[in-house]
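Novice: Read top to bottom, the protein sequences are chains A and W.
No gaps in the numbering here: position 118 of the first sequence is 118 in full-length UniProt numbering, and each next residue is one more.
No gaps in the numbering here: position 84 of the second sequence is 84 in full-length UniProt numbering, and each next residue is one more.
Treat each hint with caution, since some may be false.
The list makes no distinction among identical chains, and a pair is therefore deemed to hold if it is satisfied within one copy or across any two copies.
[As the list claims (entries may be wrong)] Derived DSS-like pairs (lysine-lysine); straight-line CA-CA distance at most 30 Å: (1) Lys-102 x Lys-4; (2) Lys-25 x Lys-14; (3) Lys-14 x Lys-4; (4) Lys-25 x Lys-102; (5) Lys-25 x Lys-11; (6) Lys-11 x Lys-53; (7) Lys-14 x Lys-53; (8) Lys-53 x Lys-25; (9) Lys-102 x Lys-11; (10) Lys-4 x Lys-53.
Hints are computed from structural coordinates only; laboratory data are not their basis.
The primary structure of each chain is shown beneath.
Number of protein chains: 2
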Amino acid sequence: MSLKEYENLAKGEKLSLDTVLANLKTDEHGLVAAIAQQHDTGEVLMLAYMNEKSIRETLETGHVCYWSRSRQTYWRKGESSGHRQTLVSMSFDCDGDAILVKVDQQGPACHTNRRDCFFFTVENNDVVISSAPL
Amino acid sequence: MSLKEYENLAKGEKLSLDTVLANLKTDEHGLVAAIAQQHDTGEVLMLAYMNEKSIRETLETGHVCYWSRSRQTYWRKGESSGHRQTLVSMSFDCDGDAILVKVDQQGPACHTNRRDCFFFTVENNDVVISSAPL
Chain A
1 MSLKEYENLA KGEKLSLDTV LANLKTDEHG LVAAIAQQHD TGEVLMLAYM
51 NEKSIRETLE TGHVCYWSRS RQTYWRKGES SGHRQTLVSM SFDCDGDAIL
101 VKVDQQGPAC HTNRRDCFFF TVENNDVVIS SAPL
Chain W
1 MSLKEYENLA KGEKLSLDTV LANLKTDEHG LVAAIAQQHD TGEVLMLAYM
51 NEKSIRETLE TGHVCYWSRS RQTYWRKGES SGHRQTLVSM SFDCDGDAIL
101 VKVDQQGPAC HTNRRDCFFF TVENNDVVIS SAPL
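Please model the entire structure based on the sequences and the hints provided.
Specialist: Shown next as structure tokens:
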């Protein structure tokens, strides 16, 4: 599946959520990549995965729920740590295999207690640890 | 592989690029997800995939090169369209399965000529086309 047949719709035109979810280009495990971005600062916080059920739960509850590939279960971000992600907006990409979730992140998004997960930063031929835990 | 053994290094500590690339947690096709973000505005432009060779080429040339899963070939962004992505920075995430590439995007990032690919935006039970081609 793919959203390709809808890509030429004009700005402001609408589809049903069910139509879009039925046309996502999921991988063989029913997953699509989801990018979490802090809604006001623009920081890219993390990349994780969602299936249809976690997308629907996120929209219904307003708290971001992923599918954990390592633990093979639903991952309600912050459920144990308190570092919740409150949903601000959700958008799917042109070919329906990625989601941009704008959120309000409480505290660190990363399990290392850093604000975001992208702290291995290339500098010339090295990679420098570019942030510290909060 | 994974970068887990390095996640507790302090801010400012260094690894070699070769070490990090050798420890990326690639999928069965040798790929990791790469998020392209406009470096100054923070816009998330697109999600694509890179293998080790495309990462190295991107760092060497300063122009972003992906691996196209649909075409099964290197995808030098903007090579035919002129809509190049000039590399500003590259960071890997905590578990080594995602890359954040900050870029300077010339024109539209999306093949639909929209600035970014995330234009299917949820509004209640609908999905609205949230941007127009440039």
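Novice: Each of the hints needs a verdict: does it hold here or not?
Specialist: Right, here's what the structure says about each hint:
1. Proximity of Lys-102 to Lys-4 under the C-alpha cut-off of 30 Å is found in both arrangements, the shortest distances being 23 Å within a copy and 26 Å between copies.
2. For the identical chains of this complex, Lys-25 and Lys-14 are intra-copy neighbours only, at 19 Å inside a copy versus 38 Å across copies, given an alpha-carbon limit of 30 Å.
3. For the identical chains of this complex, Lys-14 and Lys-4 are intra-copy neighbours only, at 15 Å inside a copy versus 43 Å across copies, given an alpha-carbon limit of 30 Å.
4. Taking the shortest alpha-carbon separations for Lys-25 and Lys-102, both the intra-copy value of 21 Å and the inter-copy value of 25 Å come in at or below 30 Å.
5. Within a single copy, Lys-25 and Lys-11 get their C-alpha atoms as close as 22 Å, which meets the 30 Å cut-off; across copies the closest is 38 Å, which misses it.
6. Taking identical chains as interchangeable, the C-alpha atoms of Lys-11 and Lys-53 lie at most 30 Å apart only when both belong to the same chain, with a minimum of 27 Å there against 37 Å between chains.
7. For a Cα distance limit of 30 Å, the shortest separation of Lys-14 from Lys-53 inside one copy, 22 Å, qualifies, whereas the shortest one across copies, 40 Å, does not.
8. For the homomeric pair Lys-53 and Lys-25, the shortest alpha-carbon distances inside one copy (15 Å) and between copies (26 Å) are both at most 30 Å.
9. With identical chains, the CA atoms of Lys-102 and Lys-11 are at most 30 Å apart both within one copy (20 Å) and between copies (27 Å).
10. Taking CA atoms no more than 30 Å apart as the test, Lys-4 paired with Lys-53 passes in both settings, with 22 Å inside one copy and 29 Å between copies.
The structure agrees with every numbered hint stated previously.
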